[in-house]
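Position chain B relative to chain A; hints supplied.
Listed in order, the protein sequences are those of chains A and B. Take 1 as the starting number for the first sequence in the working numbering and just add one per residue. Take 232 as the starting number for the second sequence in the working numbering and just add one per residue.
Any given hint could be a false lead.
[To be verified] Lysine-lysine pairs mimicking BS3-like chemistry, simulated, CA-CA at most 30 angstroms apart:
| hint | chain 1 | residue 1 | chain 2 | residue 2 |
| --- | --- | --- | --- | --- |
| 1 | A | LYS58 | B | LYS791 |
| 2 | A | LYS63 | B | LYS831 |
| 3 | B | LYS883 | A | LYS63 |
| 4 | A | LYS17 | B | LYS791 |
| 5 | B | LYS791 | A | LYS21 |
| 6 | A | LYS17 | B | LYS883 |
| 7 | B | LYS803 | A | LYS58 |
| 8 | B | LYS806 | A | LYS58 |
| 9 | B | LYS883 | A | LYS21 |
| 10 | B | LYS883 | A | LYS20 |
| 11 | B | LYS791 | A | LYS63 |
| 12 | A | LYS85 | A | LYS21 |
| 13 | A | LYS84 | B | LYS791 |
[To be verified] Now the in silico label distances, taken between C-beta atoms and shown as ranges:
| hint | chain 1 | residue 1 | chain 2 | residue 2 | range |
| --- | --- | --- | --- | --- | --- |
| 14 | B | LEU740 | A | ASN99 | 25 to 31 angstroms |
| 15 | B | ASN880 | A | GLN225 | 51 to 57 angstroms |
| 16 | A | GLY210 | B | LEU800 | 55 to 61 angstroms |
| 17 | A | PRO109 | B | TYR335 | 52 to 58 angstroms |
| 18 | A | VAL139 | B | LEU740 | 26 to 32 angstroms |
| 19 | A | SER117 | B | PRO747 | 28 to 34 angstroms |
| 20 | B | ALA876 | A | PRO109 | 37 to 43 angstroms |
| 21 | A | LYS20 | B | LEU740 | 36 to 42 angstroms |
Keep in mind the hints are simulated off the structure, nothing from the lab. For every residue, glycine included, the Cβ atom is placed at its ideal position computed from N, Cα and C.
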Amino acid sequence: MIVGSQKPIEEIWDMVKDSKKVLVFGCNTCIAVCHAGGDKEAETIAMMLRMRASQEGKNIEVKHFSVMRHCEPEYFVPVMEEVKKYDLVLSTACGVGVNFLSERIGDVPVYPGVNTSFYGGVPASGVFTELCGGCGDCVLHLTGGICPIVRCSKSLMNGPCGGTKDGKCEVSDEIDCAWYLIVERMKKLGTLDKLAEIQPPRNWSSSAHGGPRRIVVEHLQELEQKEDNKG
Amino acid sequence: MSSVQTADKDNYLKRIAETKNKRPYSPCRAACPVNTDAQAYVGLIAQGRYNEAFEVITAPNPIASVCSLICHHPCEQACRRCTVDEPLAIRHLKRFALEKALDYRHSRRKPVKKTKGKSIGIIGSGPSGLAAANDLANLGYDVTIYERHPMLGGMLSSTIPPYRLPRKTLQEDIEDVISKGVEVKTNCEIGKDITINDITAKHDAVIIAAGLSLSRSLNIPGVEGEGVVLAIPFLTDVSFGKKLDLGSKVLVIGGGNVAMDVARTAKRLGVKNVEMVCLESAEEMPAWKWEVDEAVEEGVSILHRQGPKAVRREGGKVKGLEVLKVISVFDANGRFNPVFDNSQISFIEADNIIITIGQMANLLFLKDSHIQVDERGRVVWDPETHMSSAKGVFVAGEVVTGPGSAIQAVASGHRAAVAAHLYLQGEKIEGALPVYDKEKILPFPTDVVSNIMPEHRAKIHHLPPETRCSSFSHFEFGYDEIEALKEAGRCRGCGSGAVVDTSKCMACLTCQRVCPYGAPKVTAWSEIDPARCQACGLCAPECPAQAISMLSYNTMDIRKTMPSIIGVLDTKREKPVIAAFLCTHHVGVLGFDMPDNIRKVPVHCTSRIDITDLLKAFECGADGVAVVRCPEGSCKYKGVGKRVAARVNRTKELISMLGIDAGRIELFRAGSGNGNSYASVCNEFAERIKEIALRK
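With the rest of the complex left out, here is chain A:
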């Protein structure tokens, strides 16, 4: 899932302070799971903004509500009329949601209430760890299911580097060395010999370096078009 965290309230305040009518628009999927922008956090931010406005003696109307997802139109179209009544929408969805809504809302600015950080897992309540970089060319079968692209600070394909120490990365004691984990994992799987094979340089064009990506599931898209033509 997509993981993010709330922006500092001062940063948000700077975005909204000149507006009269602000909607804190929550998203109840990934960003709610990481307790950053679901209905509850949207309410919290709305309350904080009202208090901040009151401290500044500003008369700003701040309301909140949420939909299940900001990244598919069907979810927010039914409330679009209501959303458009505000002169600023602070979306607490991930960056996907902010972009997506911005393109469909007309003249109302949509600003982010959340810093979108990574694709992660939830090892325990309240803990989120980055596990995938969305590189578009998965190599996990070569590395024991542990991602060298995002979990190695250098994204090395043939690690570890000299900065590994006692299983930790030289960048920080709190970061596990991905290549240490890979070696240990592959020992366990009995596939350590595969690591003797040198991986060639990667073609990064499938990741963000190749420009904005777009995936089309053609058989579905064609079907949609046919349905549309019928109508």
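For chain B alone, kept in the frame of chain A given last:
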């Protein structure tokens, strides 16, 4: 498209209300023959909201005061605390609330407008008659009650001994009913003072609620004549003040609850030696165990497994009873079918014998009417419509259901009242009468039982047996306020806990991780098992989608009501205004006694407080926020402390971001000593933050 949801709280709350209706009842409520919401009123008592508790108690039950003293309380037998320690003292808490709400109760008595333009006659004023009269008066009918005794109440006034039911208490229930404008004709016996045909001609509908007014007797030699009396005439004579001479030894035949009343009444009339003889063993006796225990405490002795053979007399005077040994009372199918050993005969001496082996209806007054009685002497009726064979004549209570409890008769009275109403409105009765047989939530799973802290039931005090036998004074003392609040706090709130709005839940697992009782199970969305849920509320504030609500004391209400709780603030105030979130588990009314600047926010448990609730208090202008947990060692839920502390700390972080001093919110525990420790922690806190909070 259907999964689109907005924060439309009103719709949300409506859905929650619907869920509550669909959910199985708490066991106490399901066990009550009229589904009294015991859990709701116990919860209100715990918060010192006695008048509201009164409303909940009396809504389904017009003889609530009577039941508060004499009900056999199936609610308590069903209480899920039975598997942990002891059941809630629900009946006794009911008594406490009713006594506390007495002034309120008197203030709300007023006639109901007779808007229906139709009249209904009710024969008999026992529990079913009173219930029907009450319901029909509420609906706007002109109701007349006919009662052969000088006081309303049926068996309640004529046979239940006053040491169990003081007549003043009964009168409170009766007054509630007749104050609605019900006409009362006492000393009016049908068939003697007025005929049944007169009554059916006079009213648009009639309800026969005549009860079982005749005692059954025994067909054994010597039973006829002086010295052998039947239970009902005996108890009625005592109730209406007739002096009786019972000699020094009385033998009571029977093992039911009426037999206990008879024996204990005989004791109070000064009979030195009161003995009971019954067919059943101690375990088989139909009397409630507590009735038996109290009788034995008072010196009544019980001979088990003996069947009456003959009354022995000398010169006409009773000498005693010959009895046969009982081999078995019930047959293989559990039916009453006693078998005696005719070779084992013994003799029990007695001056007087009172027969208490059951009751039957007296239906002589139906002679010469259209109302049919079957060959076994029972009124012919249709249980689906409560109608007798005569159109517009309905039946209610023990006259048709057979012997049962007072509250069961009330249930029957409700049904008959609805039936009469539908009949008079020309509507279909079948399938429209209230049904009280409800599904209840399952018992606590064993792993949940081990997670529940035992808390002993507050003892109910009685007059000592030697004192109570010397008069007909009520022998049981009510709880004082401290006892009642403590007892009410033991309720686990079965079935009143968390529910999930599935249109908002995104299956994030937070609730499942938070719950100490394993109640939420997340698959496509979270489902909360009501049998496991303890209604602590720990999960709801943690839900990031605000998809969890509590069925009782919903926390979403806190934020709605906060502006009115804090109110408009005086800009020149000298004392800081504190929003005090108080755990109501032990706070009761004592904790509510607070100075004006402390604005009380009662919560079922501090586990239910959301960060947004705490922020809301600041948003509404509170100078400080105190979260006061119950005293150390008294929280009835698990895992509350660390989560509440985490929420308070997060709120500190949030208000700090706004430049508000983090010290303006603190978490406290009330002290366990005497006095109002809730008030003292709040006052000290207010004093402490005065400087920082009121600094301009």
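Evaluation of the provided hints:
1. A/LYS58 to B/LYS791: holds (23 angstroms)
2. A/LYS63 to B/LYS831: holds (26 angstroms)
3. B/LYS883 to A/LYS63: holds (23 angstroms)
4. A/LYS17 to B/LYS791: holds (26 angstroms)
5. B/LYS791 to A/LYS21: holds (21 angstroms)
6. A/LYS17 to B/LYS883: It holds: about 23 angstroms lies between the C-alpha atoms, which stays within 30 angstroms.
7. B/LYS803 to A/LYS58: With Cα atoms ~22 angstroms apart, B/LYS803 and A/LYS58 stay inside 30 angstroms; holds.
8. B/LYS806 to A/LYS58: Holds: B/LYS806 and A/LYS58 sit about 27 angstroms apart, inside 30 angstroms.
9. B/LYS883 to A/LYS21: Answer holds: B/LYS883 to A/LYS21 is near 27 angstroms, not above 30 angstroms.
10. B/LYS883 to A/LYS20: Since the Cα atoms of B/LYS883 and A/LYS20 sit roughly 28 angstroms apart, the hinted pair holds (cutoff 30 angstroms).
11. B/LYS791 to A/LYS63: holds (14 angstroms)
12. A/LYS85 to A/LYS21: Measuring from Cα to Cα gives roughly 8 angstroms; hence the hint holds.
13. A/LYS84 to B/LYS791: Given pair A/LYS84, B/LYS791 holds - Cα atoms ~25 angstroms apart, limit 30 angstroms.
14. B/LEU740 to A/ASN99: 25 to 31 angstroms: holds (28 angstroms)
15. B/ASN880 to A/GLN225: 51 to 57 angstroms: Since the Cβ atoms of B/ASN880 and A/GLN225 sit about 54 angstroms apart, the hinted range of 51 to 57 angstroms holds.
16. A/GLY210 to B/LEU800: 55 to 61 angstroms: Roughly 60 angstroms apart at Cβ, these two residues keep to the hinted range, so it holds.
17. A/PRO109 to B/TYR335: 52 to 58 angstroms: The hinted range 52 to 58 angstroms holds for A/PRO109 and B/TYR335, with Cβ atoms some 56 angstroms apart.
18. A/VAL139 to B/LEU740: 26 to 32 angstroms: With Cβ atoms ~29 angstroms apart, the hint holds.
19. A/SER117 to B/PRO747: 28 to 34 angstroms: Cβ of A/SER117 to Cβ of B/PRO747: about 31 angstroms, so the range 28 to 34 angstroms holds.
20. B/ALA876 to A/PRO109: 37 to 43 angstroms: holds (39 angstroms)
21. A/LYS20 to B/LEU740: 36 to 42 angstroms: This hint holds: roughly 39 angstroms between Cβ atoms.
Going down the numbered hints, you'll see the structure goes against none, and every one checks out.
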